[in-house]
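Once you've looked at the hints, dock chain P against the given chain X.
Here are the chains, one letter per residue:
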Amino acid sequence: MNVLTPANLRRIGNQRRLVTGLVITVVIALMAIVGPWLAPYGENDIVGKPFTHQGSWLGTDYLGQDVWSRVLDGGGSILLISVLATLLGMVVGIMIGVVAAYIGGWLDEGIMRLNDVALAFPQILLALLVLTAVDQPSWWMIVLLVGISHAPRVARVSRGVALGIVSRDYVTSAEALGESRLRVILAEVLPNMNAPLLAEAGLRLTYSIGMVAGIGFLGFATNPGAADWGQMINENRLALLVQPWGVLAPVIVIGIFTVGTNLMADGIAQLAGRGD
Amino acid sequence: MTLTEEDVEAGCTVSGLRVALTGRGLDVVDEINLELRPGEVVGLVGESGSGKTTAGTALLAYARRGAFIERGTVAFEGVDVLALPWEQMREIRGMKIAYVPQDPGAALNPAIRIGRQIVELLELHGIGTAEERLAKARAGLLEVGLPDDDEFLARYPHQLSGGQVQRVALAMAFLPRPKVLVLDEPTTGLDVTTQGMVLQTVGELCRSHRVAALYVTHDLAVVATIADRVAVMYAGRIIELGPRDAMFRHPAHPYTRALLDAIPHLSRARALTGIPGRTPGPGRRPSGCRFNDRCEYVEDRCRDTEPPDVQVGPDHTAKCLRVGEIGSWDINRGNTTDTDPATSRDIILSVEDLRVFYGHKEVVHGVSFDVAKAEVVALVGESGSGKTTISRCVGGLHKQWTGELTFEGRPLGKGSRSRVSEDRKRIQYIFQNPYLSLNPRLTIQQIVSRPMELFGLAKGSQARDRVVELLEAVALGPTVLNLQTNRLSGGERQRVAIARALAAEPDLLVCDEITSALDVSVQGSIVALLENLRKTRQISMLFVTHNLALVRSIAARVQVLNAGELVESGFVVEVLDTPKHEYTKRLLSNSPTVA
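Sequence lines, in order, name chains X and P. Residue 23 in our numbering sits at position 23 of the first sequence; the count goes up by one each step and never skips. Residue 12 in our numbering sits at position 12 of the second sequence; the count goes up by one each step and never skips.
The hints are simulated quantities; they were obtained by calculation from the structure and are not laboratory data. Each residue gets a CB set at the ideal place from its N, CA and C atoms; glycine is no exception. It is possible that part of the hints are untrue.
Straight-line Cα separation of at most 25 Å, SDA-like style, residue types lysine to any residue; simulated pairs [as the list claims (entries may be wrong)]:
1. P:Lys414 x X:Ser167
2. P:Lys535 x P:Asp338
3. P:Lys361 x X:Tyr102
Stretch by stretch, here's where chain P covers chain X in the computed footprint (C-beta under 8 Å, at least three residues) [as the list claims (entries may be wrong)]:
4. 162 to 173
5. 176 to 190
Here are some chain P residues pointing at chain X (derived, C-beta under 7 Å) [unchecked claim]:
6. Gly395
7. Gly396
8. Leu397
9. Ser416
10. Phe431
11. Leu436
12. Ser437
13. Leu454
One chain only, chain X, in its complex shape (with noise of 0.2 Å):
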């Protein structure tokens, strides 16, 4: 089974929004990972005073610090946390959501009936709850805090998607051979999500990165003094009307990224939506 054969390469080079969100998608990653060897001062340095035109480019933020090095350097963890938000929010809500639609009957509705208690949850809240409880959140509690509260949405999604497999012969079919069940998820049920499950990633990275900016932006971030798109905005916008670049500078790369993210999503989308 190869994906990028000739004909399906060719099949995605004619989806417009699809290439044009994976463009936008590497070159921000790209700028967040290279970014440091880039940027024309340390993340820390002091190049100026606060809030002037001093600097590179998009001049200082308000401790003088440069805000093109500093939005150079500020990506990589970001994205990274954002990334595996993402992936652990869609592990375990797959597993919920296909396990879910597989066993069906009470269990189906049990699960799913705790899973719409934890949607009626304000996604942030949580986090915010157990960020204020502790010292000094690392960086790995941002991670599980997302992906937790992105874990009852892909539920959600993946059990309607699961429901329209689990009833097709071919799964009946390895039923009655007795197929393992976890088999019959594995090997049966997942290969025929694809599609709407990485539309759904696509979305949820969105979700990710913009989570993640804000937690950063109420200054939970996981080290006060590196730069932090997130932190950037909260850091400089009593300065928005004088010096906007600290502000906005951080506001555009997340923007744009997010763009990114969920045309290519909505690129997956379509092509799965005109046949595999």
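Frame of chain X; chain P shown alone:
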């Protein structure tokens, strides 16, 4: 047939029609010449992909998205319908040239009452006053054999049965008194008794109202029942056209003959044969005669020369270069004998007092029968008779039942998970729809080798060799090994499903309507394949079907089911030739057949 001037006026003549795919210029149908005469039903038969529906809707100057009518004329009342501007065409559609779709449920608005929908149709065309419209609606319903009281008019479409919905659609098609009627598989999906009634209604209405009807279908038996003339389509051409009796007694084209060889008869058991290969779609059709790559009489010139229409009898033409050279054809070709009721039977599966439930509802009420070694037992009945339900219990797919299922002396567990591995291996279930029963993500090799791995029959390269062997046994060959199922046609997929079942080396195959989603020529070859497997591997089969003619050709014994009860059972020759129960008689008399 002599035509009066009035008749010529009223009919409809299609000539030189060509419908092509937008942009690519490939033809979907081409060179369609067809005359529809008043009061006459012309059956347009073809397998899937032959272009029959495209040809049918072109009469209404309609082509589906992605296709367009490239050239040709449809002469109707002295004008060419295809050349009319759409405003005028709209006047004609439904009023003078009407269309009855395959799925009438989709054509009726579920939120509007039946009476209102019929009246609305007349309003749309501005016919009569309010009272007249209502009176007409009632008269229309009476014509198709439905009640015309207020209670019926006030029903919603979901409160009618499938046959009633189809007859409402017919009533609506006939109400504006059209001159030409295109019926697109209107009885597909209906039970035989309902189908019988609908066919009779269509025939009577067309004849009494002098309507020129085109009946599009894949079912030769239906055509034999209703049509006056028959046109056979293959790969976008009408390859043979003639009066019904001539077509069924003296078919001239090799394709028509092969089709007739593939269909089962109700009165005789036959050794069915399929047509090798598959119907080529637009762009894959060979040059010269379109049938040359599958024809048993092919010569070199068939590959270069496109055959013209050759007159083979009065009103009877065929597009074949070799007409007259290929001998005559006999409808009794391939007849065999029924299984002798005196044969001794070595029982391997017995079903005792089987009662099946869905929730608290009992749907099968105490059914008992048995299956012997190397014997095919058919379960026959209409939808809702419980035939598939029983087969699912035997296959271990449905758990809510009581009674005794005994396989080789051992009682069988309820669901597959409560059965021992040996029983799961020896009873294999084949599903109705091959498009749903194979995992689209796996390759054919993975699908077919899985049961071997699971039951520990073969592994690795040994399993691969066995897969190749099995694929050859089902006439597929090793070229498909690494393909996914989306590259295969319906018939090929069903062969893969059969190969998967055989991989477990079963003693009993439970076949649930396994040919009903397939074309007749494919059905013929699948039936031949099963018969061969039964003889060579001594496999027993429980064969679920609604098609009595098919039962005659494949089964030794038959169990007739009605509403969850067994009404008659016995050897096929006894049940079909001397039916005792009223229900069996009714089924038999309504089953369309060519002989």
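Which of the listed hints are broken here?
-> none
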